[in-house]
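S.K.: Chains as they are written, first to last, in my numbering: chain A, 12 to 123; chain B, 175 to 286.
Derived lysine-lysine pairs resembling DSS-like cross-links, with alpha carbons at most 25 Å apart:
1) B/Lys231 / B/Lys192
2) A/Lys122 / A/Lys92
3) B/Lys231 / B/Lys244
4) A/Lys92 / B/Lys177
5) A/Lys68 / B/Lys177
6) A/Lys87 / A/Lys68
Among the chain B residues that face chain A by a calculated CB cut under 7 Å, a handful are:
7) Gly216
8) Leu217
9) Phe277
10) Asp279
Quick list of the computed label-pair ranges, beta carbon to beta carbon:
11) A/Pro18 / B/Met262: 18 to 28 Å
12) A/Thr55 / B/Met228: 18 to 28 Å
13) A/Thr19 / B/Ile234: 18 to 28 Å
14) B/Met228 / A/Pro123: 45 to 55 Å
15) B/Thr189 / A/Ser72: 40 to 50 Å
16) B/Lys227 / A/Pro123: 50 to 60 Å
17) B/Glu191 / A/Leu85: 42 to 52 Å
18) B/Val186 / A/Leu120: 23 to 33 Å
Just so you know, these hints were derived from the structure itself, not from any lab. The beta carbon of each residue, even a glycine, is placed where N, CA and C say it ideally should be.
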Amino acid sequence: GQNIDQPTEMTATEGAIVQINCTYQTSGFNGLFWYQQHAGEAPTFLSYNVLDGLEEKGRFSSFLSRSKGYSYLLLKELQMKDSASYLCAVRDREAAGNKLTFGGGTRVLVKP
Amino acid sequence: DVKVTQSSRYLVKRTGEKVFLECVQDMDHENMFWYRQDPGLGLRLIYFSYDVKMKEKGDIPEGYSVSREKKERFSLILESASTNQTSMYLCASSLVSNQPQHFGDGTRLSIL
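Isolated chain B, as found in the complex:
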């Protein structure tokens, strides 16, 4: 079974802090994704990567950056956290584009 692991289930940070969310997958998948999920808005894509050191903006990249130095790891960075970034963050990976995405358990991030 594919395992996508997110480093924290719950995280509380303060406004202005730099926040790192880590995601690791163990199935040698090419593609990795970061989403946020908010009530009434569904899953929205922040950034994705289809290869090491490659990244593409999703639908809502503002205020975020990403890093993919190794194939198995995809990090989401909040450069200066703000309260409107309080959300559930979900990482996903897929072998190739036409294969299902497999999701991690999510990180519920609160910015105070």
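Chain A on its own, in the form it takes in the complex:
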């Protein structure tokens, strides 16, 4: 089975930086996804990491360390519209269909 942990809630100020951590335990790691979900809306894909290191996409970056079972999503120059839940999801190659297991999500509140 898998165990994925991420903080429940974080608060940050507009223009600042926030780092959302995700730790996981899995027997056959095969990739980690980050999704953004605004209240009442569908999750949307943000980033994918399968090798160690940092992936940068504009204001958002995602980091992975497979040996530590650890990832983080970094949100820079925060904007009010970044207030949302951020979901960490891990793929396990030993699970049927390479299915994803999601963490509980981190709700980020951006204040003016």
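Mind docking chain B on chain A? Use the hints.
M.R.: Quick look at chain B alone, frame taken from chain A:
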């Protein structure tokens, strides 16, 4: 852009009813998924399918069944709805296993 369409945004049904939730994707994706999302529990996988007429149980399949007669359509069936099945239901699809999943807007189902 990938479009995943769920037939209803809101649905109210009664205990004991047979309930059908429909999902259609327009990008010829192989894999389709049904999740439910509950506060504090995150996204949990109910069933998934990696080919027409193929289905696999997810983490919480009890009380549900699925049907995939055509590649583009994946139906979730609540055989006899119960109040503990009140939830947000999300459908997703992906081209292949290591590609991001794309989500529909969700169906908020209430069982009275």
